[in-house]
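Peer 1: Fit chain U to the given chain H structure using the hints.
Number of protein chains: 2
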Amino acid sequence: MSINVNAIKYGILFLLLFSLQSKAQSVKLFNHISNEVYTLHSKVLNQDRQFYIHVPEQDSTKPNKALPVLYLLDGENHFHILSSYINYLSHFKIFPQVIVVGIINIDRKKDLTPSHSTKTYDGKEDTTLKPSGGNEQFLQFIETELMPHIEINYKTTSYKILAGHSFGGIATINCMLTHPDMFNAYIAVSPSFWWDNNYMLKLTEAKLAKLSSLKKRFFYSDGNEGTFFHTDLLKFDSLITNRKLKGLEYMYKNYPEETHMTEPIVAYFDALRFILRD
Amino acid sequence: MSINVNAIKYGILFLLLFSLQSKAQSVKLFNHISNEVYTLHSKVLNQDRQFYIHVPEQDSTKPNKALPVLYLLDGENHFHILSSYINYLSHFKIFPQVIVVGIINIDRKKDLTPSHSTKTYDGKEDTTLKPSGGNEQFLQFIETELMPHIEINYKTTSYKILAGHSFGGIATINCMLTHPDMFNAYIAVSPSFWWDNNYMLKLTEAKLAKLSSLKKRFFYSDGNEGTFFHTDLLKFDSLITNRKLKGLEYMYKNYPEETHMTEPIVAYFDALRFILRD
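Quick mapping for you: the protein sequence lines, in order, are chains H and U. Going by the numbering used here, the first residue of the first sequence is number 459, and it counts up by one from there. Going by the numbering used here, the first residue of the second sequence is number 459, and it counts up by one from there.
These are computed hints drawn from the structure, not numbers from a lab. Do not take every clue at face value.
For chains that are exact copies, the list does not tell them apart, and a pair is met inside one copy or across any two.
[What the hints assert, rightly or not] Taking lysine-lysine pairs in the DSSO-like style, the calculated list, with each CA pair at most 27 Å apart, reads:
1. K668 to K702
2. K567 to K551
3. K523 to K613
4. K660 to K673
5. K702 to K588
Chain H with its partners taken away, still in its complex shape:
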């Protein structure tokens, strides 16, 4: 594991840019969103991995305050949206401050799928799914390489959240069930339960049966995405509700006005509100 030296170069340029900008400002601005892309070589995945990092403005009365960390899958899609929510709402003391790490995909069909399958939701063969089933390895990258990197370089509390959408949703649930010690809270927006003949519903049933408690906060949701999609979410919600797991605080929300791609905008806000509520 090594930090790409370019990240340092960009950091210096960024500081230069930011300090020059500050001079021109007559009002104190709090809502700078980082666009920097950091790179870390992963031995586990045998590739360079890239991610965004957003660190909220420091309160000058509490410098270097340790902050929780939100690890966000599909970072290239949703990082700026979540970071701007956290910036705005923490500035007005509605949310606590949270560091956001937005992991950028190389092959989401490989990294975010918990099992191997080459079939799409309608049963068709899809050759781009050949590398699927790499989620276990990807979670190992997060646990043994990315998390230590973040914890060395930023002042963090032990509270960690994992968030994902679609394939990222089943990856998030897979992580909760198979590595329950990695995170304190989970967000699964429109998890793709159709994957591999409902692989994740079956795994949920099997794993939940062996758990007596799950001290987590967990938000899951779906939109207006077709009957099969919603039916799967209702099945999942029944599994969770019927198990009555000690310590599990969960919320299921359906958004009938949202499509698969618009839902993250409202669902991530509700999810953060639920998870960060105290």
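Peer 2: Then chain U, alone, in the frame of chain H:
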């Protein structure tokens, strides 16, 4: 009117930063949100004014495509949220591309209030409201200085949207009623109708009576902000609805789960969806 030369300096540094970053990227990233602060000297207001500008990624098959412009009040609060919505949703072809200009406040109590008053919503005297009533002058700055600046420097269509929250909401409605040629569409999130003994409700009633058509799109909303606030919105909605103005496409939405400060997150998304729907 002049462009602060620092803006050019930052622009060059920014390009340098971005081009270096690009080299390290193995995936094409579309969601860069500008943090640059531009400055323009306003003769109308006799002060330097600052604003953010977000220009969506250019489609390489249609370079220099002319884009509509959204002028956003309280830019320091909501610019990054709206820009990230537009980036994400236009990337997935759900929204059209729109340039966002986020105007940063110096004294919002002066610039965004349509009349002079020194009383808060509960009737108390507030000395910080002494300069209030500057909205007319502020709109002149937008019309005669900011808009020409944007139109010279960016490739724009003639379609323009004005958006504001709270005092920015009454400023938006004031603009629609008193300068109906400036914009094509308006967003007023939680407009502060309580201002100056319902000044804006009275103005709406008077102005609407003289209008036979208003070819605009108009979104307004409120949250869970107390009975007086909601009653005012209902009165305003009745005025609009009863007038049956030709060409006016409007939507009123109430968000019972949102407070005054959380509402912009969901309301701006719904508003953009309504206004940009085709």
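Peer 1: Going back to the hint list, which numbers does this structure go against?
Peer 2: 5
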